Amino acid sequence: MSSSSTALRELQRDLENKANDLSKLQKDIAKNHQVRKKYTIQLGENELVLKELDLLNEDANVYKLIGPVLVKQDLAEANANVRKRIEYISAESKRLDASLQDLEEKKYSKREAILKVQQRIQSHQAGKAKA
Amino acid sequence: MASSRGGQQVIRGGDMEKMSLEQLKAVKEQADIEVNLLQDSLNNIRTATARLEIASTALNDLSLRPQGKKMLVPLTASLYVHGTLDDSEKVLVDIGTGYFVEKTMAEGKDYCERKINLLKSNFDQLIEINASMELLSEDVLGGYFL
Chain D
1 MSSSSTALRE LQRDLENKAN DLSKLQKDIA KNHQVRKKYT IQLGENELVL
51 KELDLLNEDA NVYKLIGPVL VKQDLAEANA NVRKRIEYIS AESKRLDASL
101 QDLEEKKYSK REAILKVQQR IQSHQAGKAK A
Chain G
1 MASSRGGQQV IRGGDMEKMS LEQLKAVKEQ ADIEVNLLQD SLNNIRTATA
51 RLEIASTALN DLSLRPQGKK MLVPLTASLY VHGTLDDSEK VLVDIGTGYF
101 VEKTMAEGKD YCERKINLLK SNFDQLIEIN ASMELLSEDV LGGYFL
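Chains as they are written, first to last, in the numbering used here: chain D, 1 to 131; chain G, 1 to 146.
One should not assume that every hint holds.
Result set (EDC-like, lysine to aspartate or glutamate): computed pairs, CA atoms no more than 16 Å apart in a straight line [said to hold, decoys possible]:
(1) Lys115(G) to Asp59(D)
(2) Lys72(D) to Asp94(G)
(3) Lys115(G) to Glu52(D)
(4) Lys64(D) to Glu102(G)
(5) Lys115(G) to Glu47(D)
(6) Lys64(D) to Glu107(G)
(7) Lys51(D) to Glu107(G)
(8) Lys72(D) to Glu102(G)
(9) Lys51(D) to Asp110(G)
(10) Lys109(G) to Glu45(D)
(11) Lys90(G) to Glu105(D)
Honestly, the hints are just simulated from the structure, not real lab data.
As the structure is a prediction and not an experimental result, all values here were calculated from the model.
Next up, chain D with everything else stripped away, as it sits in the complex (with noise of 0.2 Å):
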C-alpha cells in the first residue's frame, strides 16, 4: 500500500515538473513571437529606406544620425549598410523560425508525456480503489 502511494507521489511530482517544463517552453515561444515581431518591423523600414535611396540620383546628399550628430554620408556606403542590416535582419529572422519549429516540437511531445503521467496517475488511483 504504501509503495503505492509513494509511486503516486513520484507520479505527481513528475507532473509538476512536466507542467513547469511546458510553462517554460511556452514563455519560449511567447518571447520568439516577441522577437520576430520586432525584426519584421525592422526588415519593413529598412526596405523603405532601401527603396528611397535607389531612388536617389548620385550626387545627392545623406545624411545619417547618430546620436545627436547628423554626419554625411557617402551614398554607396549608406546603401551597403541598409542592405547589410537588411541581410543580418533576414538572417536572424531565419534562425527564430527554426528555433521557433523546435520549441513547438518539445511543447507537443511534452504535452504527450504530460497525458501520459496523468493516466498512469489515474489508473494509480483506480489501482487503489480497488484494492
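Starting from the known structure of chain D, fit chain G onto it as the hints suggest.
Just chain G now, with coordinates in the frame of chain D:
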C-alpha cells in the same frame, strides 16, 4: 481541417459544424483578439497619415515663403528662437532608421504624397481583413446558437 500559420489558425466556415462548443469559443476569442489588433493598426495608420498630411501642408506653405523671411524656429515644444528662412528649395527628409536625405522642395512634396498613398492602401487592405474577421466572429456566434 485547420492549418497552422505562425501560431495562428485559419478556420474554414464548413468546419464549424464539426467543432464542439469549446472549440467554437476558442475560435471566437481568437477572432475577437484579431479584430482588436486590427483596430489598433488602423488607428496607428490614421495617426501616421494625419502627421504626413500636416508635414505636406507645412511644406507647401514653406515653399511659398521668400528667402530671408523672419521666422520663429522651435527648439523645444515651448522654446522658439528668431531666425531667417534660408533656401527653401532644399529640404531634409527623414526616410527611417536614422537616415536623412537632402531633396528639392518638389521631391519632398512628392515623398509626402507617396507615403500618404502607401499608408492609404495599407489602410484599405486592413479594412478588408477587418471586415472578414468580423464576419467570421458573427459566423461563430451563429454556430453557437444553432
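Cross-check of the supplied hints:
Among the hinted pairs, lysine 115(G) with aspartate 59(D) is inconsistent with the structure: their alpha-carbon atoms are about 23 Å apart, more than 16 Å. A C-alpha spacing of about 14 Å is found between lysine 72(D) and aspartate 94(G), which places the hinted pair at or below 16 Å, so the restraint holds. Restraint check: the Cα-Cα separation between lysine 115(G) and glutamate 52(D) comes to about 11 Å, which is no more than 16 Å; the hinted pair holds. For a cut-off of 16 Å, the pair hint linking lysine 64(D) to glutamate 102(G) stands: about 11 Å separates their Cα positions.
Restraint check for lysine 115(G) and glutamate 47(D): satisfied, since their Cα atoms lie roughly 14 Å apart, inside the 16 Å limit. The suggested pairing of lysine 64(D) with glutamate 107(G) is violated, with an alpha-carbon distance near 19 Å, which exceeds 16 Å. The straight-line distance between the Cα atoms of lysine 51(D) and glutamate 107(G) is roughly 15 Å, inside the 16 Å bound, and the hint therefore holds. Pair hint lysine 72(D) plus glutamate 102(G) holds up; C-alpha atoms about 10 Å apart against a cutoff of 16 Å.
A threshold of 16 Å between alpha carbons decides the hint, and for lysine 51(D) with aspartate 110(G) the separation of about 14 Å falls inside it, so the pair holds. Of the pairs offered as hints, the one joining lysine 109(G) and glutamate 45(D) is violated, with about 20 Å between alpha carbons and a cut-off of 16 Å exceeded. This hinted pair does not check out: lysine 90(G) and glutamate 105(D) have alpha carbons roughly 56 Å apart, beyond 16 Å.
Checked against the numbered hints listed earlier, the structure breaks hints 1, 6, 10 and 11; every other hint is satisfied.
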